[in-house]
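Number of protein chains: 2
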Amino acid sequence: MSAAVQIESRRESHARLLTFRDRVNELLSKQLTDLPAAPERLLEAMRYALLTPGKRIRPLLTYASAECFGLALEAVDDAAMAVEIIHAYSLIHDDLPAMDDDDLRRGRPTCHKAFDEATAILAGDALQAFAFELLAQTDSSASQRLRMIKILAQACGPAGMAGGQAIDLAAVGQDLSLQQLMHMHRLKTGALIRAAVLMPASLAGVDDANLEALTTYGDRIGLAFQIRDDILDVTGDPEVTGKKSGADQALEKPTFPSLIGVDSSNRMMHELIEESVSAVECLNDPTLLVALARYIVSRDS
Amino acid sequence: MSAAVQIESRRESHARLLTFRDRVNELLSKQLTDLPAAPERLLEAMRYALLTPGKRIRPLLTYASAECFGLALEAVDDAAMAVEIIHAYSLIHDDLPAMDDDDLRRGRPTCHKAFDEATAILAGDALQAFAFELLAQTDSSASQRLRMIKILAQACGPAGMAGGQAIDLAAVGQDLSLQQLMHMHRLKTGALIRAAVLMPASLAGVDDANLEALTTYGDRIGLAFQIRDDILDVTGDPEVTGKKSGADQALEKPTFPSLIGVDSSNRMMHELIEESVSAVECLNDPTLLVALARYIVSRDS
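Chains as they are written, first to last, in our numbering: chain Z, 1246 to 1546; chain W, 1246 to 1546.
Errors might be hidden in some of the hints.
Note that identical chains are pooled: a pair holds if it fits in a single copy or bridges any two copies.
Stated by the list, open to error - Cross-link-like lysine to any residue pairs, in silico, SDA-like; alpha carbons within 25 Å at most:
no., residue 1, residue 2
1, K1498, A1454
2, K1358, Q1419
3, K1498, E1289
4, K1358, D1347
5, K1498, L1456
6, K1498, L1288
7, K1300, E1289
No lab work stands behind these hints, which were simulated from the structure alone.
All chains should be modelled from the sequences, with the hints used to inform the complete structure.
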């Protein structure tokens, strides 16, 4: 492929990914409009956390994975929403005073600052339940949907996101090895990212070799994503990232740059991305998955 | 039925319910033993909250409902565990400093006192995910299982338990009408109790008339259960209840006794129980459901 064709193809992929973002944003804002019996303030807090403009990386991964296996986007709309809802809930809880005690998220006051702590805890709790409700709302392809629920629930549980956050909190002020740091992030952010790409695969009923390829892809971009986050925390512009600079250091959190330096972190991130791209080369149509992997390392926020 | 036969029959029902309690206790303690990738302290907090001796009312309701429709107990083991796991998670979060700020639960330090606040939040979060994972762990009767997940997720969400807790917190120091108080409890405790009896019914594929009967049953015992809790808070022995006496009053929470007095509350509770019993008379074998309804109003803790 010539350089010009490559650039054109990347531009097309990027444009397609942006349509996915619009799609999930529209779906999410519809979902949280009428829930008759729910108290208004709680719904407001859920909307506040969920409908803030975000990168929507996880739903994009879900749609890109669906395209890769020739699934219609409609088939994974619930999965795309569910994974972003889980992400939104986890951010609310991570920001709480008892956790990372963050005041700012995506450039706006965090949920417990905009509302109050109790409402923030409940909004997170309710969002988690809502994600599973969405996945269970229709029983067409019931056994595939059950498998998606299992994938997502495992990704959220003690051996997934919640476990990773527990390790993260315990690691404050501690010296972690690179292996331990990677293990923590494989649970804390990696589990949900892997779930985002694996849910469509399970819906499409792909074979074990394909599942393994996707798992490797999700694992590598999950780590690369985290390294990029860590680097942005050191070198990023708070106006663009929407977060205070040096927040990790202030919290005495071990990060990739603090452990191996910014340059080595950068190198490691690019290696991981190349591994992720190689892993999915064997799949039917990995164009968008590859484009997403490249986007993850180039983003500024 | 003679009085002697009635007493004998009640004794038998009670003994059968106790075997359900043993059953769910054993299953729960097995479930939380080996989760290889999960951090130990988080698992400990989950076990601490879940494996404390409790009444296990919700799993008992699930098993009683299953028997009523001729289902094998094995068929609803996951549902029985899931509903108790959700209950345990909700207690952890309700007890948090930002919520009810309770130090004591079932006679022992609350989870955030025994561990720390962050671990308690995460243990609750992880338990919620774990409940849905359990329900999705096998795809036999996939569409019925999906319906169970939907029932449970709705019961936990903004129009269920989380919504009820939000109303409860907003009600502190406020004057609620009896209608508003009932609405709050229908969400806060009622939704999960209804889910406990409705999950087996959905597994058994019962018709709408039966579902309606069960919904009424669950609704009435849910409210009666709450009234009994409120009365125990005023008149109960802390040594037996395991909670501080007068905790609701100290928190300025509106309760049934504070609104209509202890005597009227008692009367209302007994009326609700009679309504619950009438509702399920039409069902195939409501013996255990009736026994449970009677137990709920007679309990001292």
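Legend entry - Enumerated hints in conflict with the structure, sorted upward: 1 and 5
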